[in-house]
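Each protein sequence line maps, in turn, to chains A and B. When you number the first sequence by the numbering used here, it's gap-free, plus one each residue, and the end is 584. When you number the second sequence by the numbering used here, it's gap-free, plus one each residue, and the end is 584.
One thing to keep in mind: the hints can contain errors.
Stated by the list, open to error - In silico DSSO-like pairs for lysine-lysine, Cα to Cα no more than 27 angstroms straight-line:
no.: 1; chain 1: A; residue 1: K204; chain 2: A; residue 2: K123
no.: 2; chain 1: A; residue 1: K131; chain 2: A; residue 2: K204
no.: 3; chain 1: A; residue 1: K185; chain 2: A; residue 2: K131
no.: 4; chain 1: B; residue 1: K323; chain 2: A; residue 2: K204
no.: 5; chain 1: A; residue 1: K454; chain 2: B; residue 2: K574
no.: 6; chain 1: A; residue 1: K124; chain 2: A; residue 2: K204
Stated by the list, open to error - Computed list of chain A residues with no C-beta within reach of chain B, every gap over 10 angstroms:
no.: 7; residue: G26
no.: 8; residue: V37
no.: 9; residue: L106
no.: 10; residue: V149
no.: 11; residue: Y157
no.: 12; residue: V179
no.: 13; residue: I213
no.: 14; residue: D230
no.: 15; residue: I256
no.: 16; residue: R336
no.: 17; residue: A355
no.: 18; residue: E431
no.: 19; residue: E448
no.: 20; residue: V556
no.: 21; residue: R558
no.: 22; residue: A566
FYI, nobody ran anything at the bench for these hints, they're computed from the structure. Because the structure is a prediction, the values reported are computed rather than measured. Using N, Cα and C, we set each Cβ at its ideal position, and we do this for glycine too.
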Amino acid sequence: MADDDALVRPGALAEMLRPVRGRLVLGMTLAGVGALFAMVPFIAVAEVGRALLSGGAVWPWAIAGAGGAVLRAFFMGASASVCHVANGHFEYGIRSRLARHLGRLPLGWFGDHGSGEVKKAVSDDIKGMHHLVSHALSDMTSAVVAPLVGIVYLLLVDWRMTLALLGFVAAVLAVVSPMLKRGYQAHMGTYNRAQAELAKATVELVDGIEVVKTYGGRARASQRFDEAVTTLTQRCLAWTAAMGRPATAMNIGLAPATMLVWILASGTAFVAAGWLPPADLLPFLAVGVGLPGPYLQVGSAANMLRQGQLGATHVDRLLGLLPLAEPAEPRRPADGRVVFDDVRFSYAPDAPPALDGVSAVLAPGTVTALVGPSGSGKTTMARLLPRFWDPDGGAITLGGVDVRDIPSRELLSRVAIVFQDVVLLRESVRDNIRLGRPDATDAEVEAAAKAARVHDVIMALPDGYDTVLGSDGGGLSGGERQRVTIARAILQDAPVVVLDEATAHADAESEAAIQEALSELAAGRTVMVIAHRLHTIAGADQILVLDSGRIVERGRHEGLLAADGLYARLWRAQNTEVKA
Amino acid sequence: MSRNRLMIGTAEELMGSSSGMRGQIVWFALAGVAQGGVFAALLPLLRALLSGDTGGALPWLAVAAGCAVLSALLLWHAANTGYVVGIERIGDRLARRIGEHVVRLPLGWFTAGRAGRLARLTSTSVQDVTGIPSTLLQQIVMAVATPVTVIVVTFFVDWRMGLALVVTAPVALAVFAWVSRVLRDTHGPEDHAHAEVTDRVVEFAQAQQVLRAAGRTEEGWTTLDRALAGHRDAYLHKLGRASRPFGVYVLVVELGFATIMVMGTYLALGGSLRVPDAIAVLILAARFVEPLIQAGDLGGMFRIARVSLDAIGEVMHAKPLPTVSEGPIPADATVELDDVSFGYGERRVLDGFTLRCPPGTVTALVGPSGAGKTTVTRLVARFWDVDSGAVRIGGVDVRELPTADLMSRLALVFQDVYLFDGTIEENVRLGRPDATDAEVRRAAEAARLDEVVARLGAGWETRVGEGGSRLSGGERQRVSIARAVLKDAPIVLLDEATAALDAENEVAVSAAIAELARDRTVLVIAHRLSTVAAADQIAVLDGGRIAELGTHGELLAGGGRYARFWDERKRAAGWRLAAS
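From just these sequences and the hints, can you work out the full model?
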C-alpha cells in the first residue's frame, strides 16, 4: 500500500467533485443538522430524568425528544438522498468527460493500454469514488458534529466527569490506534499483492486448462494456484494477528457496555465523593455511553476516502494525458499521394528505434507492400500514417500536406484501415457498415456489402441488415466479420487504404471471398499492405523490405528475387511450402 | 435468522464440510446476552444511585462489571476465532475447492471471459465470504441478542414498558422486508445498466479509429451517451423507489422511540412507574434505536456475502463429466466416431457423424466454418460428451476411460496456444516431466524450436511472460508442438493455424507438424493445401455430416464438393492484390 500512497494526488478528488459541489455541501449540511437533532433524544432523556427527579417541567423535554427523533430521521434521510442524487450526476458527468477525453487521445495509446485501463477507470475507480460521494462525506460530517454537541452538553453538566469520560476514550485509542496503524502499514501491501497473485494464478489455471488437463495434475498452473492460496491465507492470518486483534480490542473497549460500566463506576465514585449530584449522572449515561460510537465508523469512512482518492488519482492521470495535437491551421490534402520522408520513431525514449530513417513514396493507384520479419517495423509504418503516433523525426505527408496539419477526422476519413483485429460495434450490421460514411443511404450500404461479398451472408441473418451484432459477432464467422469491415472501408471511399494481415481470419472457405472483397477495395487507390503470405503481394507495384526499422530492399517482385537478398530468402522459405 | 442459517447452509454445502459458523453464532449470542446483562443492571443500579444509596449500588456495579468482562472475553474469543475460521476453514478451503472443481469441469465449460470472472471469484468473492464468521455474524447476532435480553429484563420490571419496546417491532420488520424487496427489484436494472456502461465504454475505446473516422468522437457517440444517461436514470430511479420504504422504516423506528418516550414520561408522572425505572428504560430505548436504523447497512453487507456465495455456488454446481477410475485398455490408436450427434444447447452441430481413422494415418477435416470440424477434434479429447452415438479410441468408448488414460494417449496442438509464465524449458518439459535434457532438446529440434531458443537472450532459461506474451504467435506454436512431440502420444489432434504467420515461422511450423505427425494417428483441421493433399483420407464436412470421404485423387476425380473447394483454394493461393 506504500506504493499507492505515493500515487494519491489529493487535489484530483476535489477537482473532480467540483461539478456536484453544491449538492455535496447541501448534503453535508443536512447531515450536520441531522447529527444535531440526533443528539436531542439523548439529551431529552437525560433532562426528562432530571426534571422527574427535581419536579421540573417534564413534558417540554419529552416532546423535544420525540420531535428530535422524527426530525433526525427526516434530515438524515434528506442528506442521504441529496448525496446519492449528487453521486448519480457525478458518475454520469465524470464518465462523459472521460469518454470525451479518450476521443482525443492518440490512437496508439489504445493499443498499448488496451481496454483494461479504460475499464478500470469507468468501473472500479468511479465505484471507489461512489462510496465516498454517496456515504463517506455525510457520515464523516455527522461523526464530527454529533460527538461535538454531546461533549459541549456534558461539559455544561459537569466538566470533571466529562474529562473522566474523555480520558478513558483517549486511553483506549492511545493504546490501540498505533497498533492499527502499524499493522496496516506492515500488511496491506503484502496482502494486496497476495490477492493479485491469486487472481493471476486463477487466470493461468483457466487459460491453461487445456494443458493442465492434457498433462495432468502435476502441471505448473495447479501448483501455482495452490501456492497462491497458501500465501494469501498466510497473509490474511498475519494481517488478522496485526490488525484484527487491535480492532476487536477497540470495539470492546469503546463498546456501549464498556462505556456504561466505566461511567457507572466513575459516576458512583463521584457521587460518593459528593462531587456530583446523582441526577447529573443521567446525562452521562444517556449521552456519554454512545460518544465514541461514530469514531468506530471513522475507520471505514477513512477507507472509503482513500479508495476515492486512489480512484480519482487514476482517473485524473487519464484526463491528464496529452491529447493528439490538432492543427492550428488545418490544411486539406490535394490527393492520395503518401510520402514518408526520413521518418524516425521509437516507442519509448530509451527503446531502440522502431523506424530508423524510412523514406518512401506511395503513388495513387499503386499497391505498396511492406515485407519483413516480425518486429522489423512494418506495423509501425502502417500505423504512423493515420497518426496512431507522431514520428520523432522526419515527416509523413498525404496529398502534399504533413499529416499533423490535417484535422484528425479529415485524415481518418481519407485513410481506410482494415486490420486483422476486427472491430465491430454491438449495433445493427447496417450501422456498422454505415460508420464508413454516416450519411450513406441504405442502397449505398448494400452496394458496399455486395462489393465486399458479404451481402448474401447478411441477408441470411435473422433480421438481415438490422441484425444486431453481439460481442461474439452475432453468428458471423471470423472471415465474414472481416468482410463487414471491408464493406465499411469500401463505403468510406477513401483515397488511401491500409491493410494489415487482413486475411488472417480467413478459413479455407472464406479466403477467396475476402480476397475478392479486398480487390474491390484496392481498386484505384493508394494501397499500403502488410502481408505475410508473400504470393498475395507478388504483383505489388512496389515492395519495401524492412529489417530492424530500415528499408533494406525495395523494388518489384522479379527484381527482388533476382537480387537474391532478404526478400528472395523469405520467398524461397515460403514457396517450398505453398507449391502444392 | 432463517436467511442467516440458509446462508451458512449454502456455504457449508459449497465447502463440503462444517464451517464452524454455528459455533460462532453461539459465542456471539452469549456475548450479546452478557452485554444485555450490563444494560439490565442499569435498572437496579439507578434505583440505588438516584436515591443516594451508593453503598447499595456497589453490588450491582459489580454485576455490571462482571457481565462486561464476561462479554468482553466471549467477544474476544469469538471474534479472533472468527477471523481464523473465516480465513482457514472458509476462505482457504473454498478457494482450493474452486481450484479442484474447475480442473475437473469439461473443457467446453471454459468459454471466453471465464478467466477474468473466475479470478474475481477466487480473489474477491471468497474474501467477501471470509468476513462472515467474524464481522457479519458478530454484528447480526449481537444486534439481536443484546436488545432481546434487555427487553426480557424490562418485562420483569414493568410489562407495559416491555410492551412499548416491542410493539413497533412487527411493523418495523414488515417495513424492513419491504425495503429488501424494493432493493432487490431495483438492483437488477441498475446493475444491468452499469454493465451496459462498462461494455459500451470498452467498445468505445476499442473502436476509436472507426468512430473517429466517422466523426463520432467529436459530436459524441449517441450509443455511449445513451448508456451513460441510462445508468444515471436507473440509479436515480432505484434511489427514488428505495428511499420511500427506507424512510418509512426509519420513521417507524423513530416513532417507536417517541412512543416509549411519551409513555414512560406519562407513566412516571402518574406514579404507576418508579422514576428510576422509567429513566433506565428511556436510556436503553434511546441507545437501541441507532443499531436498529443501521440494520439497513447490515442488510447491505449481508447481500454482498450472499451474492458472493451465489457466484461461487454457480461455479461449484457446474457438473464435471462423469469419470471412471479404471477402464479397459484401448487396443491401438484407432480413432472412431460412431453415429455421433452433438449440439451446443439448441444448436445441433453434428448429426449422425461417422468417421474412422486407422492407426498411423492422417485424416484431414475440411469444410465451411460452422461445419463442425473443431467440434469433432474436441469430442475426441472429451471436451464434452456426445448426445448420442460414441467416440472410441482403440475400440474403447472415451467415457469408459479414466481421464488420465485418455489424455496420455492424446497430444493437442490447437490454435490459441497458452504458455505458462515460466522458462521455455519448463513449458516444453510439461509434455513429459521426467524427460531427460537430451529428450527435451530432441523434441525442440523436431519442432524447430531450437532456432528460437538460440536467438533468445537467455536461451532455454528465457521466461516467456504471462500467457507466453513475450513470444510471437509462431514461436508459441512451436513450443506447443515441442511439448506434444515430447509427450509422444499415439494420437495427435491438430488445428492448423489460419492466422498468417510470418514466412519463416510458417515454414518452421509446417516442418515441425510433419515431424509430429510421423507414425501417429492424426486428425487435422487443415488449412494448408499441402497438408490436405498429403492426407491419407480427407473428410469433407457439411451440415454436421460427412459429405465426401476419400483421398485427394479420388475426391478430385469425383468432381464434387471437394473438387470445387480445391479449385477455389488454388485460385486463392494464386491471388494477387492489385490497385488497378
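Could you work out which of the previously given hints the structure breaks and list their numbers from low to high?
9, 13, 14, 15, 18
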